[in-house]
Amino acid sequence: MKENEIKIFEDKKVRTLWDAEQEKWYFSIVDVVAVLTESIDPNAYWRKLKQRLKAEGNETVTNCHGLKMLAPDGKMRMTDVADTGQLFRMIQSIPSPKCIMHAN
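24 is the number of the first residue of the sequence shown in the working numbering; add one for each residue after it.
To be clear, the hints were calculated from the coordinates, so they are not data collected in a lab. Don't take every hint at face value.
Below, simulated DSS-like cross-link-like pairs (lysine-lysine); rule was C-alpha separation at most 25 Å, straight line [stated by the list, open to error]:
id : residue 1 : residue 2
1  : Lys91     : Lys35
2  : Lys77     : Lys47
3  : Lys36     : Lys91
4  : Lys71     : Lys91
5  : Lys91     : Lys73
6  : Lys71     : Lys35
7  : Lys47     : Lys36
8  : Lys73     : Lys36
9  : Lys91     : Lys47
10 : Lys35     : Lys98
Across the chosen pairs, the derived CB separations fall in these ranges [as the list claims (entries may be wrong)]:
id : residue 1 : residue 2 : range
11 : Thr85     : Asp42     : 17 to 27 Å
12 : Ala43     : Arg75     : 25 to 35 Å
13 : Asp34     : Glu82     : 25 to 35 Å
14 : Thr83     : Asp42     : 14 to 24 Å
15 : Asp64     : Glu44     : 32 to 42 Å
16 : Asp64     : Asp34     : 12 to 22 Å
17 : Asp34     : Arg100    : 21 to 31 Å
18 : Glu46     : Lys71     : 25 to 35 Å
For every residue, glycine included, the Cβ atom is placed at its ideal position computed from N, Cα and C.
Could you build all of it, start to finish, from the sequences and the hints given here?
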């Protein structure tokens, strides 16, 4: 059974999904990018970051997959997601003053 939830971080929503079978949380990557970067277009930011990470041979991005989550328009739409471990590795690639794990 999978459960969708919304977490709030600094007044921004981060869509999450609990997969009871795998006992893992999945997080919407675009939502996390929006929180960390404050980009006006987090989707475009994620597309560019994903291209760069793939070009570098980053396996974390290759192993990410899409799940349906509730979109801002109220419809269930596919979005790229990451589990906790994948998300931490990706966060290290995002320059952000909010991210103490950023590797220079």
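Hint-by-hint comparison with the structure:
1. Lys91 with Lys35: Within the cut-off at roughly 19 Å; holds.
2. Lys77 with Lys47: 24 Å, holds
3. Lys36 with Lys91: 16 Å, holds
4. Lys71 with Lys91: 22 Å, holds
5. Lys91 with Lys73: 19 Å, holds
6. Lys71 with Lys35: 22 Å, holds
7. Lys47 with Lys36: Holds: Lys47 and Lys36 sit about 19 Å apart, inside 25 Å.
8. Lys73 with Lys36: At roughly 21 Å apart (the allowed maximum being 25 Å), Lys36 and Lys73 satisfy the hint.
9. Lys91 with Lys47: Roughly 16 Å between the alpha carbons, so the hint for Lys91 and Lys47 holds.
10. Lys35 with Lys98: The given pair, whose Cα atoms are some 19 Å apart, holds under the 25 Å limit.
11. Thr85 with Asp42: 17 to 27 Å: 20 Å, holds
12. Ala43 with Arg75: 25 to 35 Å: Hint holds: Cβ distance 34 Å, inside 25 to 35 Å.
13. Asp34 with Glu82: 25 to 35 Å: 33 Å, holds
14. Thr83 with Asp42: 14 to 24 Å: 18 Å, holds
15. Asp64 with Glu44: 32 to 42 Å: 34 Å, holds
16. Asp64 with Asp34: 12 to 22 Å: Roughly 19 Å apart at Cβ, these two residues keep to the hinted range, so it holds.
17. Asp34 with Arg100: 21 to 31 Å: At roughly 22 Å between Cβ atoms, Arg100 and Asp34 fall inside 21 to 31 Å, so the hint holds.
18. Glu46 with Lys71: 25 to 35 Å: 32 Å, holds
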